[in-house]
Each structure stands twice: as C-alpha cells, then as structure tokens.
Amino acid sequence: MARLIGPRRAPFASTAPDGELKGLHADLGRMIAQALDVELNLEILDDYDAYEQVKEMQIDILIGGVEWNPKQAREIGFYGPYLTLQTGQSEGGEGVTTKPSRLHISLPYGQSNLIHWLDGFFAQLKATGELDALVERYFERGHIL
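So the sequence shown is numbered by my numbering: it starts at 335 and just counts up by one.
If a hint is listed, it holds; no wrong ones were tucked in.
Simulated DEER-style distance windows between Cβ atoms:
#, residue 1, residue 2, range
1, 403, 351, 33 to 43 Å
2, 392, 461, 29 to 39 Å
3, 353, 443, 32 to 42 Å
4, 415, 369, 18 to 28 Å
The calculated DSS-like cross-link candidates involving lysine-lysine, where the alpha carbons are at most 30 Å apart (straight line), are:
#, residue 1, residue 2
5, 433, 356
6, 460, 433
7, 356, 389
8, 433, 405
9, 389, 405
10, 389, 433
11, 356, 460
Hints are computed from structural coordinates only; laboratory data are not their basis. Cβ atoms here follow ideal geometry from the backbone N, Cα and C, with glycine treated the same way.
Working from the sequences, and respecting the hints, build out all of it.
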C-alpha cells in the first residue's frame with residue numbers, strides 16, 4: 335500500500351464535504367498509485383508530522399508537504415522540483431518581486447528505484463500534456479513557471 339500524504343492547503347489538498355480528498359496533490363497521488371498499481375491511502379498531516387513520518391519510513395511518498403532545505407536533504411530524499419509556481423511576494427531592491435515556489439516529492443532514503451521511476455512518470459506526464467492539464471485545473475497559466 336502506498337501512503338501519499340501532504341498538508342491541508344487548497345488548492346493542493348483539502349477535504350470535500352463528502353470527506354473525499356481533493357486538490358492537485360490528491361489527484362497526483364491517485365495518478366502515481368494507479369501507475370504503480372498499488373493500493374492508495376491518502377491522508378493529510380501537518381508538515382512536522384509528515385516530515386517525521388518520512389524520516390521514520392512510515393510514509394512511502396510525501397507530495398508537497400516538506401520544503402527542501404539542506405538539513406532535511408541530509409535526512410530524507412527529495413525528487414524534483416516537479417513543478418515551479420509563482421507564489422508569494424517578497425520585498426527586494428527596487429520593489430516587490432515574485433518569489434517562486436518549487437514543489438518536491440519527499441521520500442525515505444533508500445528509495446532510489448522510486449526516484450528513477452518518478453523521472454519516467456513525470457517525463458510521460460509532460461510529454462502527453464497530462465501534467466499541464468492537471469496543474470491548470472488548479473492554477474492559472476501565469477502562475478506556472
């Protein structure tokens with residue numbers, strides 16, 4: 335069974351009134367599980383719990399729940415970025431500049447086969463236009479870098 339987990343942040347992951355998880359990361363998780371032909375257990379956890387569970391190998395894949403930084407990169411594996419978005423604003427030099435957000439998939443160390451598989455998976459999604467179509471369900475084209 336694959337556990338694909340991320341934080342609750344619309345439009346990435348949220349819970350519909352019927353209890354179903356929806357959003358970019360929920361859809362991406364379903365696509366990954368289907369391609370791997372594994373049972374899927376989607377959950378939403380806060381960033382700290384998710385990071386600790388990846389580190390302790392209790393999570394197979396974490397979509398968008400942990401930001402890459404040097405300390406964490408020594409403790410868990412990262413794939414990507416699989417997507418770069420134009421998000422928050424930061425003051426700099428001559429005024430307001432756009433700060434990009436690079437989205438990664440986190441996974442326990444020792445999952446090098448899965449990292450190679452993700453390379454092929456995302457290459458196929460990009461080649462067929464499926465990744466663009468998925469992202470454009472949730473973001474305007476101008477937000478995608």
